[in-house]
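Engineer: Based on the hints, put chain B in the right spot on chain A.
Take a look at the letters that make up each chain.
There are 2 protein chains.
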Amino acid sequence: MSTMSRPRGPVTRAVPPGDDRERATCTDCGFIHYENPKIIVGAVVLVLGGVLLCRRAIQPRRGFWTLPAGYMELGETAEAGAQREVWEEARARVDLSGLLAIYSVPRISQVQLIYRAHLSEPGFGPGPESLDVQAFAWDEIPWESLAFPTVTWALEAARRAPVGALVPETNPPGDGADMPAGACGDE
Amino acid sequence: MSTMSRPRGPVTRAVPPGDDRERATCTDCGFIHYENPKIIVGAVVLVLGGVLLCRRAIQPRRGFWTLPAGYMELGETAEAGAQREVWEEARARVDLSGLLAIYSVPRISQVQLIYRAHLSEPGFGPGPESLDVQAFAWDEIPWESLAFPTVTWALEAARRAPVGALVPETNPPGDGADMPAGACGDE
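Chains A and B, in that order, give the protein sequences. Numbered as in the working numbering, the first sequence ends at 254 without a single skipped number. Numbered as in the working numbering, the second sequence ends at 254 without a single skipped number.
Just chain A, with the same shape it has in the complex:
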């Protein structure tokens, strides 16, 4: 660790050659940190006339219910990422049956890709980031204890379209670029 008092790392904002906007750069080594929106991948897993929800073991919104979802990683397809997240958070193996919804959350520069899924083998349970995983019937979903607005939106979309081809939902009208503070996906 350095004892120098000036900032270190990519903390200086400058327009790189050939670019048209400022990027965070490191004045020590020249590293340019191109930041772009991140992709959240996840699924509404339909089981027994209801849906799998995970109770969050981590902040933000610890203790609230969410869909199994998280950051897409390098080298995977969006579909494989959604299946991986369902396994990591809900210990369920699933097949996907279409893109249910795509939500933009520009305040935190996220795009969320939510798939519709079904169990490919029996069983589910909490992964390390979940306190609990339960299958809720539609009329038992804890609507007041959901972690994020996009969880509510995706559940409503899945309830409207439990089978058949999907025209993916997007942000509700008027709620696109203006999501309330506190709305976010996994950190």
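Quick caveat, the hints were computed from the structure, so don't treat them as lab data. All C-beta atoms, glycine included, are put in the ideal place defined by N, C-alpha and C. Hints may be right or wrong, so weigh each one.
[To be verified] Ranges between beta-carbon positions, derived for each pair:
no., chain 1, residue 1, chain 2, residue 2, range
1, A, G192, B, G130, 52 to 58 Å
2, A, P240, B, T79, 44 to 50 Å
3, B, T79, A, P229, 45 to 51 Å
4, A, R227, B, A91, 25 to 31 Å
5, B, R174, A, A91, 24 to 30 Å
6, A, R88, B, E223, 29 to 35 Å
7, B, P83, A, D206, 38 to 44 Å
8, A, D87, B, P229, 30 to 36 Å
9, A, G97, B, L115, 30 to 36 Å
Structural biologist: Quick look at chain B alone, frame taken from chain A:
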């Protein structure tokens, strides 16, 4: 600039506390470079029974024809990003009419969101990254001179579904995680 010979910047791979995979970190300042897939946003712009294509002024694939598309930026919705890219590369103002296709290109860790669009006001022309912009009738598209496989796929999807609600296309069967070398979106 440093005269030290050891590597600088986030070039050392290590698993950060609480994480489960290696990330590029800087041993000088502790900066962790979380790299995730990047999002390409773009559009098939339908005009006069055909489609707008841009001839690339930049590498890779300079001189080949492509859709107006590029990296989504922080703080915008996917839709706004697609409209911005159409303006930057094809100097066209467009309205979007649905998500036409979502392609994963895991070899280069991209997700491409391609919308169907129509001109909202007359006119188009080359932006700084395009040598030329032309409206091609479907039977005049230069199929042999397209820049990337995903351009071909998106044009075929748009030709099949020029109007109405869209179930977004995904990678063709067997071509998902195995895109041939040289296939990529904008660099």
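Engineer: Does each hint fit the structure? Answer for all of them.
Structural biologist: Going through the hints against the structure:
no.	hint	in the structure
1	A:G192 with B:G130: 52 to 58 Å	holds, 55 Å
2	A:P240 with B:T79: 44 to 50 Å	holds, 47 Å
3	B:T79 with A:P229: 45 to 51 Å	holds, 48 Å
4	A:R227 with B:A91: 25 to 31 Å	violated, 42 Å
5	B:R174 with A:A91: 24 to 30 Å	holds, 27 Å
6	A:R88 with B:E223: 29 to 35 Å	holds, 34 Å
7	B:P83 with A:D206: 38 to 44 Å	holds, 42 Å
8	A:D87 with B:P229: 30 to 36 Å	holds, 33 Å
9	A:G97 with B:L115: 30 to 36 Å	violated, 47 Å
This entry does not satisfy hints 4, 9, going by the numbered hints stated previously.
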